[in-house]
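There are 10 protein chains.
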Amino acid sequence: MEFLVEVETRWPIDGDPHRKAELVAAESARAGALAAQGALKRLWRVPGTWKNVGLWQATDATELHQILSSLPFFPWMTIEVRAMATHPNDPINL
Amino acid sequence: MEFLVEVETRWPIDGDPHRKAELVAAESARAGALAAQGALKRLWRVPGTWKNVGLWQATDATELHQILSSLPFFPWMTIEVRAMATHPNDPINL
Amino acid sequence: MEFLVEVETRWPIDGDPHRKAELVAAESARAGALAAQGALKRLWRVPGTWKNVGLWQATDATELHQILSSLPFFPWMTIEVRAMATHPNDPINL
Amino acid sequence: MEFLVEVETRWPIDGDPHRKAELVAAESARAGALAAQGALKRLWRVPGTWKNVGLWQATDATELHQILSSLPFFPWMTIEVRAMATHPNDPINL
Amino acid sequence: MEFLVEVETRWPIDGDPHRKAELVAAESARAGALAAQGALKRLWRVPGTWKNVGLWQATDATELHQILSSLPFFPWMTIEVRAMATHPNDPINL
Amino acid sequence: MEFLVEVETRWPIDGDPHRKAELVAAESARAGALAAQGALKRLWRVPGTWKNVGLWQATDATELHQILSSLPFFPWMTIEVRAMATHPNDPINL
Amino acid sequence: MEFLVEVETRWPIDGDPHRKAELVAAESARAGALAAQGALKRLWRVPGTWKNVGLWQATDATELHQILSSLPFFPWMTIEVRAMATHPNDPINL
Amino acid sequence: MEFLVEVETRWPIDGDPHRKAELVAAESARAGALAAQGALKRLWRVPGTWKNVGLWQATDATELHQILSSLPFFPWMTIEVRAMATHPNDPINL
Amino acid sequence: MEFLVEVETRWPIDGDPHRKAELVAAESARAGALAAQGALKRLWRVPGTWKNVGLWQATDATELHQILSSLPFFPWMTIEVRAMATHPNDPINL
Amino acid sequence: MEFLVEVETRWPIDGDPHRKAELVAAESARAGALAAQGALKRLWRVPGTWKNVGLWQATDATELHQILSSLPFFPWMTIEVRAMATHPNDPINL
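Protein chains in written order, with the working numbering: chain X, 14 to 107; chain W, 14 to 107; chain G, 14 to 107; chain H, 14 to 107; chain S, 14 to 107; chain E, 14 to 107; chain A, 14 to 107; chain V, 14 to 107; chain Y, 14 to 107; chain Z, 14 to 107.
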């Protein structure tokens with residue numbers, strides 16, 4: 014089942030830059046792993062922000078919650094999940 | 014350039030069912046054509062509604078407007094366009 | 014997978030009362046059938062309104078969309094679907 | 014009388030992890046007790062968040078307030094209560 | 014149990030003035046009856062509008078729904094119900 | 014003239030509990046005094062929150078402002094005031 | 014007591030232009046009368062709209078409601094009333 | 014003085030197409046005239062909609078209102094005006 | 014040109030009371046000066062809050078911005094400016 | 014492709030004034046450079062605030078994101094980007 018997930022990361026302005034760099038690297042590695050296992054399918058940046066919109070795949074919302082809460086930046090994230098149904102005109106079916 | 018586009022179609026309840034069926038078929042054909050030319054990349058149904066979220070590709074917002082206004086149901090549509098930037102962790106780059 | 018679904022039905026004030034009564038009966042029968050098949054688990058009335066909140070069970074959002082769009086009053090409905098994950102403290106697990 | 018209650022817990026990012034773990038355990042125990050006495054009937058996780066939606070039973074809003082304010086995490090909670098009326102098509106009556 | 018209920022009545026501008034006058038009279042009579050039985054305790058007009066805020070008493074939200082849906086103008090009403098808990102500083106206890 | 018006033022008190026989680034207890038007692042005493050002088054007529058708790066809705070009486074908004082700003086917790090309060098007109102169906106007139 | 018009142022008038026596009034002209038004249042005359050009696054003190058146009066913001070004077074919200082509901086365009090109006098308190102730095106006191 | 018003005022035009026779906034074409038032509042001519050007199054400086058289309066954002070120049074909001082209400086489609090328009098102050102980093106000053 | 018300006022001042026609860034008193038006095042003096050030069054015409058208190066609504070006069074939004082940013086409390090202020098057009102029924106013209 | 018971009022800068026009230034002055038100068042220099050390269054075309058101040066609205070030019074949202082994130086005040090900025098399509102009545106085409 015596919016979900017469109019909007020994520021905003023709020024890192025404190027006076028936060029430790031080294032810790033931030035570590036987390037960015039960890040986040041990137043984690044995203045790669047989730048992509049490899051088919052959980053993360055696409056990821057876009059909302060321009061001008063530290064927000065992204067992602068296309069995620071999971072059996073259900075419970076599995077999706079486990080995946081999202083495994084992200085290194087999770088404690089700094091505000092997340093909104095929208096469950097998507099398939100559409101008859103989806104090019105993926107052509 | 015990619016856009017995430019949310020479209021709600023409001024067809025009058027007492028609208029002509031035959032006209033509606035014609036438009037649904039035309040919309041499906043148009044979507045197929047736009048998919049073939051790479052403009053429409055993915056399309057999801059927002060469950061319980063006549064709303065969809067689509068991943069669209071266009072040179073810019075002007076071209077996107079021409080594409081969207083060519084949809085048979087366009088006069089009955091309420092559309093919100095969000096321009097997306099690429100994300101370093103997008104699986105498409107892996 | 015469970016969903017919490019908010020449904021508002023807008024029936025025109027000058028609508029045909031007989032047609033309305035037929036649909037109410039059909040809606041009730043359909044709800045019974047959906048309950049029997051385990052799709053509809055609970056249903057509450059938002060007091061003072063023609064809105065309900067329902068607890069629904071479906072494999073995914075695609076199946077849920079098929080179920081909801083099969084409701085007799087569907088064309089008059091405004092629906093908002095929220096996918097729910099399980100909670101460790103859910104009494105259902107006790 | 015049944016209530017649908019949405020609860021968001023905001024724990025400070027730099028909060029004491031041990032204190033947090035204690036509170037999580039206490040919250041779980043308290044939820045169990047409230048389930049046993051029939052006050053808490055169901056509990057769902059809003060995926061990607063530290064929000065839950067719960068189905069609660071209480072004589073009235075005054076009793077519900079006492080129950081909710083007895084939750085260990087109450088000082089960190091933002092709570093929205095919706096009183097629910099019964100619905101003729103509620104499967105619970107079948 | 015007490016509820017604060019906000020009600021907006023939307024009567025069509027080209028509606029039948031005689032029918033409106035009948036309904037206004039019926040609404041007033043019904044309000045009197047509900048006041049006599051203790052269901053309606055106070056009623057205020059939101060200035061400049063056809064909105065009122067009422068203090069209502071009912072065993073629970075189900076009974077309140079029956080009362081509200083018995084109001085003659087109910088089909089033209091948009092209603093929002095808020096369940097209230099008692100407050101230790103409520104003058105009614107002094 | 015009557016006003017419906019919604020008040021939310023935001024006390025810092027790490028605030029001094031003794032100071033809080035003092036203020037709660039002072040608030041209660043002040044409410045009693047305002048009730049005695051007819052300024053505060055009713056007070057309800059919004060369940061699950063530190064919000065109340067109050068029915069207040071004052072000559073005008075200027076006097077109401079003086080009354081509200083005299084409340085011990087005023088610096089921690091977010092307040093919304095709605096001026097109410099009388100309603101012909103108000104049970105108080107029966 | 015002073016109120017800031019925002020009024021939007023929604024006249025149907027296919028409404029009778031003569032009736033509209035009559036009402037505009039009546040509205041102007043009524044505004045003059047209300048200004049003469051000190052009820053209407055100032056009136057501004059929200060540019061690009063058929064909305065105005067007015068400074069009104071009335072003993073209380075009940076009197077204000079009677080005044081506003083006496084406006085010829087009242088049935089086509091959406092009105093929001095805000096009661097104002099005096100301010101120590103108001104130039105009117107200088 | 015410059016204003017950023019957002020305009021949405023709502024033309025009825027079953028409106029007369031000839032009348033619409035006439036108005037579109039008249040709107041285009043009027044825009045040309047307003048551009049020539051320096052009132053209309055720039056105009057953008059919000060993609061997927063019949064909304065535009067315009068950069069307008071007028072002595073004040075009163076003049077702007079006269080200009081906007083002179084647009085042929087004005088009766089079908091919903092307009093929001095934002096007055097802009099100059100900015101020290103505006104390239105126009107370079 | 015006239016503007017209606019809504020200003021909310023957020024002073025930290027643990028802010029220095031002496032500094033606050035100084036600023037209040039400075040604000041009052043500044044308001045007097047602005048009133049004397051015709052920039053500030055009226056000022057109302059939103060009851061129960063540290064918000065005011067003011068009627069301001071300035072050549073344009075640029076001059077208004079200079080005036081507002083000269084207020085002693087400006088760094089603690091959240092400000093919303095609405096440009097007003099004249100209204101034919103404004104009592105000021107009678 | 015053109016974008017209308019709304020930017021709010023939130024600088025802490027107790028922030029270092031020297032650091033702020035440095036950043037203001039750097040921001041001004043950076044704006045000049047971006048104007049020279051045609052990325053920044055116009056910039057307006059929202060009166061009474063530290064918000065601006067800018068007209069920006071970029072190949073796509075990805076390039077725009079790189080430009081915006083290069084602004085010295087970027088970490089203190091809340092940014093909303095709207096992609097604009099061309100409009101047939103845009104004076105720029107005359």
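These are calculated hints, taken from the structure and not from any lab test. From a predicted model like this one, the values you see are computed outputs, not experimental measurements. Built from N, CA and C at the ideal position, the CB exists for glycine as well. Don't take every hint at face value.
Interface residues of chain X toward chain H, partial, derived using beta-carbon atoms under 10 Å [said to hold, decoys possible]:
(1) V18
(2) I26
(3) W63
(4) T75
(5) L81
(6) W89
(7) M90
(8) T91
Are there hints from earlier that the structure breaks, and if so, what are their numbers?
-> As far as the earlier hints go, 2 and 3 are violated by this structure, in ascending order.
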